[in-house]
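Numbering (full-length UniProt numbering), first residue to last: 1 to 488.
Because the hints were derived from the structure by calculation, they are not lab data. Bear in mind the structure is a predicted one, so any value in this text is a computation, not a measurement. Be a bit skeptical, because a hint or two may be false.
[To be verified] Simulated restraints, written as ranges between beta carbons of each label pair:
id, residue 1, residue 2, range
1, S210, L376, 21 to 27 Å
2, R292, I70, 31 to 37 Å
3, A472, V412, 26 to 32 Å
4, S133, L456, 27 to 33 Å
5, A253, G296, 30 to 36 Å
6, W415, A477, 25 to 31 Å
7, D137, D373, 15 to 21 Å
8, D137, A477, 57 to 63 Å
Backbone N, C-alpha and C fix where the C-beta goes; we use that ideal spot for every residue, glycine too.
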Amino acid sequence: MSTELAPPGGTITAAPSAARSLTGRLGVGSIVFMVVAAAAPLTVVGGAVPIAILLGNGAGVPMMFLLSAIVLLFFSVGLSTMSRFVPKPGAFFTYVGYGLGRPMGLGTAHLALLTYTLIQAAVYGYLGGALQSSIIDLGGPSIPWWVWSLAVVAVTGYLGFRDIELSSKVLGVLLAAEVGIVLLLDIAVIVKGGDSGLGAESFTPNQFLSGSPGIGLMFAVAGFIGFESTAIFRNEARDPDRTIPRATYAAVAIIGVFYTLSSWSLVEAWGVDKVVPAAAADPAGMIMATARTYLGQWADVTVHVLLLTSLFACILSFHNVITRYQHSMASATAMPRRFAAVHARHRSPHVSSLVQTATAAVLVAVFAACRLDPELQVFAWFSGIATLGIVVLMALTCLAVSVYFRRNPSAVGAWQSLIAPVLGLVGLITILVIVVTNFATLIGGSSTLADIFIALVVLSIVIGVVQARIIARRNPAAYDTLTDAISL
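Hey, can you work out the whole structure from these sequences and the hints?
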């Protein structure tokens with residue numbers, strides 16, 4: 001099909017299919033960089049782990065990361081296997097569409113969009129508050145947190161508008177730096193023998209079942225948010241059939257091992273009996289104090305700076321994910337078709353990127369107008385919704401994989417098509433029950449607020465199901481190809 005040449009910096013407009021086509025040559029490493037960056041390693045180790053230790057199961061938190069990684073590996077087996085059989089494998093909504101039907105697939109797409117939008121908004125709040133505190137500590141002016149957040153929105157929007165490989169390189173540098181400092185700290189703790197000698201008590205039933213293990217598990221699962229987005233970059237991968245499965249397994253394994261090791265070393269640095277009081281004394285500064293003790297004063301400052309860049313890397317990664325969700329949904333007529341446009345020079349979904357940038361700016365403005373605290377309310381509330389959303393997404397996907405292979409028997413072994421997906425589903429349902437039961441505690445709000453947020457997750461799915469029914473009535477041809485069109 002012929003295509004008109006767009007002017008430099010313009011939009012391809014002639015051939016609709018060409019305008020909606022994303023291309024690239026990302027390898028396993030580049031994709032893993034982006035999804036692991038979305039998990040914000042230093043933010044999790046320095047921010048979430050101390051809180052999980054304090055509110056959850058204390059020294060047993062490392063075991064929660066290990067258990068989460070195992071469940072998500074079961075989930076990944078079914079996901080990667082099914083990708084070899086569906087015509088156009090993509091993200092969660094693609095697999096749910098093939099397994100549970102087009103309406104549930106579109107409902108899942110709306111839930112995914114909500115989940116990633118809110119986790120990004122949560123991190124915008126956290127980073128804005130962190131930048132405000134840092135500037136004040138350095139003797140600078142007291143500028144409102146939301147001003148800093150909006151500045152980050154602008155930088156993120158610029159990078160998201162450009163070629164994705166630029167974002168990949170930025171994320172690669174930031175990720176290498178934050179992972180490097182945490183690993184250096186892990187090594188220092190191990191070499192020095194921790195507070196009172198190294199041990200494996202964190203992995204004993206006495207420790208990981210102590211306190212509130214449900215809260216600890218929720219924080220652990222939240223640390224993995226973003227790993228599953230490997231499939232989002234399928235059209236921009238060098239060899240999708242090999243690159244995407246490898247990137248998925250690598251992301252789960254790397255995140256799981258990294259978090260398990262780093263949370264364990266943090267426990268050992270303070271001692272099993274002393275780690276909870278240390279977290280209670282200063283959860284936000286615990287990682288800096290640990291770095292200062294085991295690496296020296298220079299590490300305190302370095303970790304502080306890298307914590308800020310870790311938050312930015314997380315935001316940039318989710319920006320790339322959200323823009324591609326919108327781009328894909330626009331291709332399926334589930335969002336305005338203009339969102340499916342691809343930039344002539346950068347080959348990026350630039351219109352979708354601009355829309356996502358505007359959405360983020362509006363959310364930050366709303367948070368500021370409502371006078372929400374950037375950490376205790378914006379970050380806690382909206383990361384809580386995202387944790388619930390991601391568990392629901394993965395549980396629906398596991399169910400879809402099991403149903404798909406039951407309806408479409410193949411030469412794939414029982415482990416890949418049945419056993420692993422079912423084990424993943426059982427694990428995810430268990431986690432989901434724990435999350436819902438403890439949701440009010442997770443978001444730090446009232447039960448009424450928790451009910452509203454849970455209803456928001458359900459509503460997003462309902463909206464997608466209703467929209468699919470409307471598409472089926474108004475445009476049967478588009479509905480018949482909905483699952484393929486919404487693939488990536």
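(request) Of all the hints given earlier, name the ones this structure violates by number, lowest first. (result) 6
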